[in-house]
Amino acid sequence: MSIFEYNGSALVAMVGKNCFAIASDRRLGVQLQTIATDFQRISKIHDRVFLGLSGLATDAQTLYQRLVFRHKLYQLREERDMKPETFANLVSAILYEKRFGPYFCQPVIAGLGDEDKPFICTMDSIGAKELAKDFVVAGTASESLYGACESMFKQDMEPEELFETVSQALLSSVDRDCLSGWGGHVYVVTPTEVKERILKGRMD
Amino acid sequence: MECVFGLVGHDFAVVAADTSAVHSILVHKSNEDKIMILDSHKLIAASGESGDRVQFTEYIQKNVALYQFRNGIPLTTAAAANFTRGELATALRKNPYFVNILLAGYDKETGPSLYYIDYIATLHKVDKGAFGYGSYFSLAMMDRHYHSGMTVEEAIDLVDKCIMEIRSRLVVAPPNFVIKIVDKDGAREYAWRESVKDAAVASA
Chain F
1 MSIFEYNGSA LVAMVGKNCF AIASDRRLGV QLQTIATDFQ RISKIHDRVF
51 LGLSGLATDA QTLYQRLVFR HKLYQLREER DMKPETFANL VSAILYEKRF
101 GPYFCQPVIA GLGDEDKPFI CTMDSIGAKE LAKDFVVAGT ASESLYGACE
151 SMFKQDMEPE ELFETVSQAL LSSVDRDCLS GWGGHVYVVT PTEVKERILK
201 GRMD
Chain A
205 MECVFGLVGH DFAVVAADTS AVHSILVHKS NEDKIMILDS HKLIAASGES
255 GDRVQFTEYI QKNVALYQFR NGIPLTTAAA ANFTRGELAT ALRKNPYFVN
305 ILLAGYDKET GPSLYYIDYI ATLHKVDKGA FGYGSYFSLA MMDRHYHSGM
355 TVEEAIDLVD KCIMEIRSRL VVAPPNFVIK IVDKDGAREY AWRESVKDAA
405 VASA
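So the protein sequences, as listed, match chains F and A. For the first sequence, position 186 (counting from the first letter as 1) is numbered 186 according to my numbering, and the numbering increases by one without interruption. For my numbering, add 204 to where a residue sits in the second sequence, where the first one is 1.
Don't take every hint at face value.
[What the hints assert, rightly or not] Ranges of calculated distance between the beta carbons of each label pair, as one might list FRET restraints: (1) Phe273(A) x Arg66(F): 23 to 31 Å; (2) Val258(A) x Glu78(F): 46 to 54 Å; (3) Arg77(F) x Asn235(A): 35 to 43 Å; (4) Glu313(A) x Arg176(F): 42 to 50 Å; (5) Lys388(A) x Ile198(F): 30 to 38 Å; (6) Glu78(F) x Asp215(A): 32 to 40 Å; (7) Asn275(A) x Val68(F): 21 to 29 Å.
[As the list claims (entries may be wrong)] Using 30 Å as the maximum straight-line C-alpha spacing, the simulated DSS-like pairs for lysine-lysine come out as follows: (8) Lys200(F) x Lys329(A); (9) Lys98(F) x Lys329(A); (10) Lys200(F) x Lys332(A); (11) Lys133(F) x Lys266(A); (12) Lys129(F) x Lys312(A); (13) Lys312(A) x Lys44(F); (14) Lys332(A) x Lys72(F); (15) Lys329(A) x Lys195(F); (16) Lys401(A) x Lys329(A).
The hints are simulated quantities; they were obtained by calculation from the structure and are not laboratory data. Glycine included, C-beta positions come from ideal geometry on N, C-alpha and C.
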């Protein structure tokens, strides 16, 4: 089994009209055994930037701590929050630092940039960025997620419709993947508020 | 082979571990205590490679004590768990410790808690957790009978159910177990469950 599939994960981020949604599954496993069904894969860096980390859980936790540290330093020096594009560059640089002994994670970054324009991107474990205008996916269920998102995605969805789309795409994809699932965690972020919702899907 | 499991009750946390020290086909001793009392209100149940287990848990215990000496107040359970994870994560890519840990503790402000810490430094706060081959049986029993807010009697009954299941269904089942509990009155040994007693050593 690949090291990226050791813990199991599913992540998706989608762009809407002046908003974005980022969603993850909730399973933490050790290969075939499920350890927990309330694992948090998405973290808030600041009010307008969210980071999801798929892959090996221990590296996701280490990477998250390093990134929060770097962002806090940035806030102290610049007296402002990082733009999502800048944060994506930071993640990419930190991952490439470990080019010959990498963190086994695939991050998904979603945020609201200047003029509340939504920004999403993903990258591989050594920091190769992949910007997208519609959606990005990561994790053990990524192939199913690509298919589900491609067929369900529409341009300029309002937050409520975006939430429905992201939820359906996530749940239908993780249902076909034994290593991810046990519910979903969806954040829908608009310039004025952040709505966090827990999904109940097939609990297996 | 090595079975460690634990759960959180109403205002206490209980952990149980087998007590056999095994090398290949030989049982060196069957009264090896694998649950260390970390400080007055914390227990660390460890399983894995014997040398690493003793070395690493003693290292954590001494550092937790050092913090208390330097700062005048004890660490919270969450802080101790995060410190333990940090040490495992730092060593992971140099000289990894092959130790799986269940850290149980009681804090006045937040009550009882149990932390699952993998040997590759995956940290997660859980209500019930287990390691080893015995986990297939103990987790299943706990999934069936556990509910939040259990009393000590109910929890020990569940622990006994798990031990019985392990004894009857695991091919190389360890014969003896130790149960330790932590609550507002501190961390202490609760009971031993022995089915094989060591022969008394004749005096010289």
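To see whether the hints hold, each was checked on the structure:
Judged by the Cβ atoms, the range 23 to 31 Å given for Phe273(A) and Arg66(F) holds: they are separated by roughly 29 Å. Distance hint for Val258(A) and Glu78(F): a CB-CB separation of about 47 Å, consistent with the stated range 46 to 54 Å. Take Arg77(F) and Asn235(A): their Cβ atoms lie about 57 Å apart, and the range 35 to 43 Å is violated. The hint said 42 to 50 Å for the Cβ distance between Glu313(A) and Arg176(F), and at roughly 43 Å that hint holds.
Checked against the hint of 30 to 38 Å, the C-beta distance between Lys388(A) and Ile198(F) comes to roughly 32 Å, which is consistent with it. Distance hint check for Glu78(F) and Asp215(A): the Cβ-Cβ separation is about 46 Å, which falls outside the suggested range of 32 to 40 Å. The supplied range of 21 to 29 Å is met by Asn275(A) and Val68(F), whose beta-carbon atoms lie about 23 Å from each other. At roughly 21 Å between alpha-carbon atoms, Lys200(F) and Lys329(A) fall within 30 Å of each other, so this suggested pair holds.
A hinted pair counts as satisfied when its Cα atoms are at most 30 Å apart, and Lys98(F) with Lys329(A) qualifies at roughly 28 Å. A C-alpha spacing of about 21 Å is found between Lys200(F) and Lys332(A), which places the hinted pair at or below 30 Å, so the restraint holds. Between Lys133(F) and Lys266(A) the alpha-carbon distance is near 52 Å, which puts this suggested pair outside the 30 Å criterion. Restraint check for Lys129(F) and Lys312(A): not satisfied, since their Cα atoms lie roughly 46 Å apart, outside the 30 Å limit.
The straight-line distance between the Cα atoms of Lys312(A) and Lys44(F) is roughly 29 Å, inside the 30 Å bound, and the hint therefore holds. About 34 Å separates the Cα atoms of Lys332(A) and Lys72(F), which puts this hinted pair outside 30 Å; it is violated. A C-alpha spacing of about 24 Å is found between Lys329(A) and Lys195(F), which places the hinted pair at or below 30 Å, so the restraint holds. The hinted pair formed by Lys401(A) and Lys329(A) fails the criterion: a straight-line CA distance of about 35 Å is larger than 30 Å.
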